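Residue numbers (numbering that gives the first Met the number 0), protein chains in the order written: chain V, 0 to 317; chain P, 0 to 317.
These are computed hints drawn from the structure, not numbers from a lab.
Note that the structure is a prediction, hence the values are computed from the model and not measured.
Each hint should be verified, as a subset may be incorrect.
Since copy identity is lost for identical chains, a pair holds within one copy or between any two.
Each computed SDA-like pair below joins lysine to any residue, with the alpha-carbon atoms no more than 25 angstroms apart [claimed, not checked]:
# : residue 1 : residue 2
1 : Lys111    : Pro315
2 : Lys111    : Glu271
3 : Lys65     : Glu241
4 : Lys292    : Thr208
5 : Lys292    : Leu268
Chain residues, written in single-letter form:
Protein chains: 2
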Amino acid sequence: MENWQNIGRHSIKEARSRIDQLIHWTPVLRCSAINKLAGCRVFFKCENFQKVGAFKARGAANAVLKLNKAARENGVATHSSGNHAAALARAAAEAGIPAFIVMPETAPQIKKEAVREYGGQIFECAPNLSAREEGLREVVNRYGATFVPPYDHCDVIEGQATCAYEIFEEGLQPDILLAPVGGGGLLSGTALSSQFFSPETAVIGAEPTGADDARRSFMAGKRIPQENPDTIADGLLTSLGELNFDIISRYVSDILTADDGQIIAAMRLIYERMKIVIEPSCAVPLAVLLINKTLFKDKEVGIILSGGNVDLSRLPFR
Amino acid sequence: MENWQNIGRHSIKEARSRIDQLIHWTPVLRCSAINKLAGCRVFFKCENFQKVGAFKARGAANAVLKLNKAARENGVATHSSGNHAAALARAAAEAGIPAFIVMPETAPQIKKEAVREYGGQIFECAPNLSAREEGLREVVNRYGATFVPPYDHCDVIEGQATCAYEIFEEGLQPDILLAPVGGGGLLSGTALSSQFFSPETAVIGAEPTGADDARRSFMAGKRIPQENPDTIADGLLTSLGELNFDIISRYVSDILTADDGQIIAAMRLIYERMKIVIEPSCAVPLAVLLINKTLFKDKEVGIILSGGNVDLSRLPFR
Numbered sequence: 000m001e002n003w004q005n006i007g008r009h010s011i012k013e014a015r016s017r018i019d020q021l022i023h024w025t026p027v028l029r030c031s032a033i034n035k036l037a038g039c040r041v042f043f044k045c046e047n048f049q050k051v052g053a054f055k056a057r058g059a060a061n062a063v064l065k066l067n068k069a070a071r072e073n074g075v076a077t078h079s080s081g082n083h084a085a086a087l088a089r090a091a092a093e094a095g096i097p098a099f100i101v102m103p104e105t106a107p108q109i110k111k112e113a114v115r116e117y118g119g120q121i122f123e124c125a126p127n128l129s130a131r132e133e134g135l136r137e138v139v140n141r142y143g144a145t146f147v148p149p150y151d152h153c154d155v156i157e158g159q160a161t162c163a164y165e166i167f168e169e170g171l172q173p174d175i176l177l178a179p180v181g182g183g184g185l186l187s188g189t190a191l192s193s194q195f196f197s198p199e200t201a202v203i204g205a206e207p208t209g210a211d212d213a214r215r216s217f218m219a220g221k222r223i224p225q226e227n228p229d230t231i232a233d234g235l236l237t238s239l240g241e242l243n244f245d246i247i248s249r250y251v252s253d254i255l256t257a258d259d260g261q262i263i264a265a266m267r268l269i270y271e272r273m274k275i276v277i278e279p280s281c282a283v284p285l286a287v288l289l290i291n292k293t294l295f296k297d298k299e300v301g302i303i304l305s306g307g308n309v310d311l312s313r314l315p316f317r
Numbered sequence: 000m001e002n003w004q005n006i007g008r009h010s011i012k013e014a015r016s017r018i019d020q021l022i023h024w025t026p027v028l029r030c031s032a033i034n035k036l037a038g039c040r041v042f043f044k045c046e047n048f049q050k051v052g053a054f055k056a057r058g059a060a061n062a063v064l065k066l067n068k069a070a071r072e073n074g075v076a077t078h079s080s081g082n083h084a085a086a087l088a089r090a091a092a093e094a095g096i097p098a099f100i101v102m103p104e105t106a107p108q109i110k111k112e113a114v115r116e117y118g119g120q121i122f123e124c125a126p127n128l129s130a131r132e133e134g135l136r137e138v139v140n141r142y143g144a145t146f147v148p149p150y151d152h153c154d155v156i157e158g159q160a161t162c163a164y165e166i167f168e169e170g171l172q173p174d175i176l177l178a179p180v181g182g183g184g185l186l187s188g189t190a191l192s193s194q195f196f197s198p199e200t201a202v203i204g205a206e207p208t209g210a211d212d213a214r215r216s217f218m219a220g221k222r223i224p225q226e227n228p229d230t231i232a233d234g235l236l237t238s239l240g241e242l243n244f245d246i247i248s249r250y251v252s253d254i255l256t257a258d259d260g261q262i263i264a265a266m267r268l269i270y271e272r273m274k275i276v277i278e279p280s281c282a283v284p285l286a287v288l289l290i291n292k293t294l295f296k297d298k299e300v301g302i303i304l305s306g307g308n309v310d311l312s313r314l315p316f317r
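Full structure from sequences and hints, please.
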């Protein structure tokens, strides 16, 4: 396991400066109708407005820009069917280096197009983890590219930590900060930033009931991999990473869950009241808040809206 | 016809101060992907983030707050099935006066709920213009309420003019400003503000092909009412108002149209690239821009996104 203890107050600030040319300082929005419904003061950190449409742009940019000159020449590689693939391809393109992306042949066409649009080279593989890992090994061996994993990696976590850093840097000091958890890149980064820049803020993870390995792992004190995840929150299907689990165990107060019906209701509320487009994954924190109102009553609560990449022809509203 | 010549530089500024407590100063957003596609520099004035989800909050607030004390006591009335109904009900509630809203019995449940939520009293009528006008007459006679029309009214136009005023007040001076046109409240207000605060800016109206009475009236030099409108842009079905036509004839450079397919494509682009929720009506300006690229080439173009009240279960994306 890498030593995440090197991520600190100073290194997160440095990471924010490093990636400044590649990412947006995303806005914070509030909505009086949602405050009224929730019984507390909520603000939303809008990573759906981030480059590539998700916070993933931060970690990928940080990892690419931290590569030394020799490593840069051979480019970067990853296996991913989601936002990390596009984020890495874009960060590599901005740095002028190649990106090799192993994607399951069943990945949505729109995700493949996003990677190609940023100049990433796609290598298709069978849609299972061992084929993806095998594909990645081949690409790394053939091109000497550096593997940048989607979440279980110090530079990626440090990059994702810049999101909560922006919140605190703006002078906001929420009582509670809620972030969704899948692999745990965003949640672990958020927990570290809170620890360094606003230690009074409690960080809580929000997870779909149908993929609740982070909650079960958190409770058991050891990683329990997710088997057969089943949820509309398609960005949160993966199991918690090793580094991520270690950080989350120490610095996160709790992990709460919501089921798909509750997630869709929260998602609808954000579309209807805030007039912004989000993916189902980032409605999970608001869903969790709305079904645990007493816990949040009269508090100042920050919610990180992780991304806005959703298939518009398949929105879950009836 | 009222004398709209009383609307001037000073009165628009005053209107903006008058309604300040009731409305948002809405943000201006840009999107590099859309700039690239459009071949010009576009910015979007986001009235979808406005109170009540549409620019209509401005005109209604201005009209209500300009009532004298005696008129206020008897409240306000209108007939509307759309955003103006909710906007007037809300403005009245904020001013502590009653609002009487005549709505066709076929109006969407969600629109009726919005009016009720703001404390408006609904009077249902048959779904045709004469029944609406008859219903309004009755309400006005019975309660002595003041009729606030949706667009053909000086105080309403002056209120809508505060939207473009905000653009210029922020220091933006687009070569072209595009606004959708239905009854013409927004377009006429936009044209007046441009005239007073940025006379070099050309104002162009954007209209659906399936309800193009404003374009036909503009060309003919006289009002030609819309018969059997047929377009997805449900906020732009009405015919151009009298005052609105007079102002538009003088100060608007052109009115361009787009068909429903082009409107839906532009709408999708805004959802996908900007991650914001808009109603079909306010995709018309971007649609018009994208099918007339040479006209806008390398220009700075402002687009007013008029509103975000859309039925999420019936989005036109396939």
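Here's how the hints hold up against the structure:
Both within a single protomer and between protomers do lysine 111 and proline 315 lie at most 25 angstroms apart by alpha-carbon distance, with minima of 23 angstroms and 24 angstroms respectively. For the homomeric pair lysine 111 and glutamate 271, the shortest alpha-carbon distance between copies (16 angstroms) is at most 25 angstroms, but the shortest distance inside one copy (30 angstroms) is not. Taking CA atoms no more than 25 angstroms apart as the test, lysine 65 paired with glutamate 241 passes inside one copy only; the shortest distance there is 21 angstroms, against 63 angstroms between copies. In this homomeric assembly, lysine 292 and threonine 208 come within 25 angstroms of each other (Cα to Cα) only inside a single copy, at 18 angstroms, whereas the closest approach across copies is 48 angstroms.
For the homomeric pair lysine 292 and leucine 268, the shortest alpha-carbon distance inside one copy (16 angstroms) is at most 25 angstroms, but the shortest distance between copies (36 angstroms) is not.
In summary, the structure agrees with every hint in the numbered list given earlier.
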